[in-house]
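Got chain X sorted already, so can you dock chain L onto it with the hints?
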Amino acid sequence: GAVVSQHPSWVICKSGTSVKIECRSLDFQATTMFWYRQFPKQSLMLMATSNEGSKATYEQGVEKDKFLINHASLTLSTLTVTSAHPEDSSFYICSASRDRVPEQYFGPGTRLTVT
Amino acid sequence: AQKITQTQPGMFVQEKEAVTLDCTYDTSDPSYGLFWYKQPSSGEMIFLIYQGSYDQQNATEGRYSLNFQKARKSANLVISASQLGDSAMYFCAMREKAPREYGNKLVFGAGTILRVKS
Numbered sequence: 012g013a014v015v016s017q018h019p020s021w022v023i024c025k026s027g028t029s030v031k032i033e034c035r036s037l038d039f040q041a042t043t044m045f046w047y048r049q050f051p052k053q054s055l056m057l058m059a060t061s062n063e064g065s066k067a068t069y070e071q072g073v074e075k076d077k078f079l080i081n082h083a084s085l086t087l088s089t090l091t092v093t094s095a096h097p098e099d100s101s102f103y104i105c106s107a108s109r110d111r112v113p114e115q116y117f118g119p120g121t122r123l124t125v126t
Numbered sequence: 020a021q022k023i024t025q026t027q028p029g030m031f032v033q034e035k036e037a038v039t040l041d042c043t044y045d046t047s048d049p050s051y052g053l054f055w056y057k058q059p060s061s062g063e064m065i066f067l068i069y070q071g072s073y074d075q076q077n078a079t080e081g082r083y084s085l086n087f088q089k090a091r092k093s094a095n096l097v098i099s100a101s102q103l104g105d106s107a108m109y110f111c112a113m114r115e116k117a118p119r120e121y122g123n124k125l126v127f128g129a130g131t132i133l134r135v136k137s
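As they're listed, the protein sequences go chains X and L. According to this note's numbering, the first sequence holds residues 12 to 126 in order. According to this note's numbering, the second sequence holds residues 20 to 137 in order.
No lab work stands behind these hints: they were computed from the structure. Fair warning: this is a prediction, and the values are worked out from it, not measured in the lab. Do not take every clue at face value.
To be verified - Label-pair restraints from in silico Cβ distances:
| no. | chain 1 | residue 1 | chain 2 | residue 2 | range |
| --- | --- | --- | --- | --- | --- |
| 1 | L | 29 | X | 84 | 39 to 45 Å |
| 2 | L | 45 | X | 110 | 26 to 32 Å |
| 3 | L | 100 | X | 66 | 46 to 52 Å |
| 4 | X | 81 | L | 73 | 18 to 24 Å |
| 5 | X | 27 | L | 77 | 48 to 54 Å |
| 6 | X | 14 | L | 33 | 30 to 36 Å |
| 7 | X | 16 | L | 104 | 19 to 25 Å |
| 8 | L | 97 | X | 93 | 43 to 49 Å |
| 9 | X | 63 | L | 24 | 31 to 37 Å |
| 10 | X | 84 | L | 136 | 45 to 51 Å |
| 11 | X | 28 | L | 71 | 42 to 48 Å |
| 12 | L | 102 | X | 93 | 40 to 46 Å |
| 13 | X | 71 | L | 24 | 16 to 22 Å |
Where is the CB? At the ideal position from N, CA and C, for every residue including glycine.
Chain L on its own, in the form it takes in the complex:
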């Protein structure tokens, strides 16, 4: 069964506007972590933001915020004030197991290609 679902293969956004990239997940483990990574055309994977399942508040990192809705099992990424350099592939990923067992493997979604228009 697919554990991470990204339903948007591609998205366009106008420069300086906000955009939401969708991610839903499926797990029976009460302890898990959710990540967003950015992959530009160069191929490197850039860590953007992390949300732990027990975190009370939504994670934020600069222009990135994670809209965590636990009951809906969704972890959407919101990018505010889009920039041309935000054009890239974006992956949502999930880590299962207990919080202390860092180093457990990640399961990635299919990705969303974001294109920022000037």
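If we strip away everything but chain X, and leave its shape as in the complex, we get:
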């Protein structure tokens, strides 16, 4: 149990376009979902926290208008990178948590390359 999926697993897009990444909890209801960004050989950096039906809480330094997060249901959160630039190329990972369980369950990640 506690499986989180991400789609797509990798994507290449042109500079200036937008790309949407989906994060789904497959077998549980996720009260909270998190979005992380990871550069090669570095740690995970939390971008934002989202709860179903409410606005996401962004970490300091993360542009809300560039990284749009929608938590439409208890099993789905989306991250849209708007007007992508090459510096947005990174590994994006989502995670989900559920009530009364301490750990976060991570998706497999999405590798974004902006050309």
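This is chain L only, laid out in the frame that chain X set:
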């Protein structure tokens, strides 16, 4: 201030031997949780073990054990009988806030790359 410190950028261990990955943390909250995750080259984050600040005993999960020394604020991961498949990046992470407020964010350390030699 850095909350999670992993001082070993890289470690080597011989297959079948035990290895300890260091993690120290800093928090003023009496209620917190400590996690270890494994990230192989594929990128997925695999949950290994959890220790709550009020847990009396050190957590164990199969070949993984957490050496929790509260006074020293350390939460080292011990992997026994290393296997080639253990080669990966390992992250220590901390969750703050009260135990009932699950879903609070995690703060990650910089990670340690472990290489198991045959």
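Structure-based check of all given hints:
1. L/29 x X/84: 39 to 45 Å: 41 Å, holds
2. L/45 x X/110: 26 to 32 Å: 28 Å, holds
3. L/100 x X/66: 46 to 52 Å: Holds, since residue 100 of chain L and residue 66 of chain X (Cβ atoms, about 47 Å apart) stay within the stated range.
4. X/81 x L/73: 18 to 24 Å: Roughly 36 Å apart at Cβ, these two residues miss the hinted range, so it is violated.
5. X/27 x L/77: 48 to 54 Å: 52 Å, holds
6. X/14 x L/33: 30 to 36 Å: Given about 34 Å between the Cβ atoms, the range holds.
7. X/16 x L/104: 19 to 25 Å: Roughly 23 Å apart at Cβ, these two residues keep to the hinted range, so it holds.
8. L/97 x X/93: 43 to 49 Å: Taking Cβ atoms as reference, residue 97 of chain L and residue 93 of chain X lie about 45 Å apart, which means the hint holds.
9. X/63 x L/24: 31 to 37 Å: Distance hint for residue 63 of chain X, residue 24 of chain L holds at roughly 34 Å.
10. X/84 x L/136: 45 to 51 Å: 47 Å, holds
11. X/28 x L/71: 42 to 48 Å: Holds, since residue 28 of chain X and residue 71 of chain L (Cβ atoms, about 44 Å apart) stay within the stated range.
12. L/102 x X/93: 40 to 46 Å: 43 Å, holds
13. X/71 x L/24: 16 to 22 Å: Holds, at about 21 Å.
Hint compliance for this structure: hint 4 alone is broken.
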